[in-house]
Each structure stands twice: as structure tokens, then as C-alpha cells.
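Asks: Here the protein sequences come in this chain order: A and B. Here the first sequence is numbered in my numbering, starting from 1 and rising by one per residue. Here the second sequence is numbered in my numbering, starting from 1 and rising by one per residue.
Please note that the accuracy of each hint is not assured.
[Unchecked claim] Capping the alpha-carbon separation at 30 Å, the derived lysine-lysine pairs in DSSO-like fashion look like this:
#	chain 1	residue 1	chain 2	residue 2
1	A	K17	B	K57
2	A	K38	B	K97
3	B	K65	B	K97
4	B	K22	B	K57
5	A	K17	B	K65
Because the hints were derived from the structure by calculation, they are not lab data.
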Amino acid sequence: DAMVIQNPRYQVTQFGKPVTLSCSQTLNHNVMYWYQQKSSQAPKLLFHYYDKDFNNEADTPDNFQSRRPNTSFCFLDIRSPGLGDAAMYLCATSRDRQSSYTFGSGTRLTVV
Amino acid sequence: AQRVTQPEKLLSVFKGAPVELKCNYSYSGSPELFWYVQYSRQRLQLLLRHISRESIKGFTADLNKGETSFHLKKPFAQEEDSAMYYCALRYGGATNKLIFGTGTLLAVQP
Numbered sequence: 001d002a003m004v005i006q007n008p009r010y011q012v013t014q015f016g017k018p019v020t021l022s023c024s025q026t027l028n029h030n031v032m033y034w035y036q037q038k039s040s041q042a043p044k045l046l047f048h049y050y051d052k053d054f055n056n057e058a059d060t061p062d063n064f065q066s067r068r069p070n071t072s073f074c075f076l077d078i079r080s081p082g083l084g085d086a087a088m089y090l091c092a093t094s095r096d097r098q099s100s101y102t103f104g105s106g107t108r109l110t111v112v
Numbered sequence: 001a002q003r004v005t006q007p008e009k010l011l012s013v014f015k016g017a018p019v020e021l022k023c024n025y026s027y028s029g030s031p032e033l034f035w036y037v038q039y040s041r042q043r044l045q046l047l048l049r050h051i052s053r054e055s056i057k058g059f060t061a062d063l064n065k066g067e068t069s070f071h072l073k074k075p076f077a078q079e080e081d082s083a084m085y086y087c088a089l090r091y092g093g094a095t096n097k098l099i100f101g102t103g104t105l106l107a108v109q110p
């Protein structure tokens, strides 16, 4: 099945230790998005790629970076995770800028 | 600034009762609204979008620009409708960015 896959499902990292979350897709969609969802809050857009074009949200902390080495993969790097970065991280794709999203299952990040 | 509000965190109804999940938005441009659903242990998925004007799984939603609302309705709730429902607004012109509400957990009791 064509889909969006996020690995790992659960990630525990130490305070201040860099961590990378991964998203891959077999849909060949042009656009990939990263959302952060804290407990009982709405998913919040961090950034997105339209093809290789990176688009950062104005209020996304510098601590968060992203890479998209090819169409299929997109990574979320947190350089120095703090306790406040504990959240569910959702990856989504869309074929283009008019299409609906396809979501991955998310990675739940715990910072200890 | 754009905003989506879902006032109810939890909505509990009995099977066969009507359901209305509320969503209000704030946006200066021409709004495009969506409902996404997340069943237990599954990923978020699109339920419906206002431009399609369709009924999915018995759910409908009408965009009311005067009241800036996009409430989700179903005349007779089923137990399998129990899930988390998120209202979302497309903003940012042609960028296809979505802003979500905080979600409403619908619990359908037998």
C-alpha cells in the first residue's frame, strides 16, 4: 500500500541530545509537512517542503531543522531537545498545493 | 490571524442520537475548511472538505460564512463513529497549509 511511514513510533531522548525523526512516503507526493502536536493541543505546522523548496513557519524555533534528501524521505532534526519538545510529531504529504493531506502514524517523542 | 475553534473537548451521545460537532473559524481570506478524523490507534485521515459538498459515512458539514462556522453533523450516531475529530482551515494562499482546531472526542454510547 502506498503510504506515509514514520519511524520510530516512539522515541525517547535525553535532554539536550540531538534526535532525528524520519518520514518516508511511497506516494510520490511533492509536498511534505511536519506538524507538532502537544498533549490536548492542535497540531501545529513547523515547516514544509514543496519539492526541494523549504518553507519554515515564522514561529518555529531554531532548534528544529529539516532535511529532504529526495522525494521519498524527510527528516526532522531537533538539535537540543528540551522538556517542552515532548510531543507527537506528525508527518503529512500532499500531491500538490491543492490536494488533501495523507498523514503518517506519528512519532511520540519523550524527553528525559 | 487565522484561527480554528472547537469549543467542545468531549461530546458524548447515545447510539442513534443526532450529532453536531462545532467548528468556528477566523480568516480574512476565502476559507476552505476540512474535517479530519482519527479513530483509535489509527492515523489522521480526511473525512470531508467543504468544497466537495458530499456526505461521508453519513456526516455532512456546511460552510456558513455569515456565522464563520463549519459544523459537522450526522442524524443518527453509530458506535463506530467514536473518534477524535479535527476541524481544519487551509490558509496561506496557494501554500496548502492547514491550521487545526484542538479536536473534539466523540464518544457514542451503546
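Asks: Against each hint, give a clear statement of whether it holds in the structure.
Replies: Against the structure, the hints:
{"no.": "1", "hint": "A:K17 <-> B:K57", "verdict": "violated, 45 Å"}
{"no.": "2", "hint": "A:K38 <-> B:K97", "verdict": "holds, 19 Å"}
{"no.": "3", "hint": "B:K65 <-> B:K97", "verdict": "holds, 20 Å"}
{"no.": "4", "hint": "B:K22 <-> B:K57", "verdict": "holds, 18 Å"}
{"no.": "5", "hint": "A:K17 <-> B:K65", "verdict": "violated, 47 Å"}
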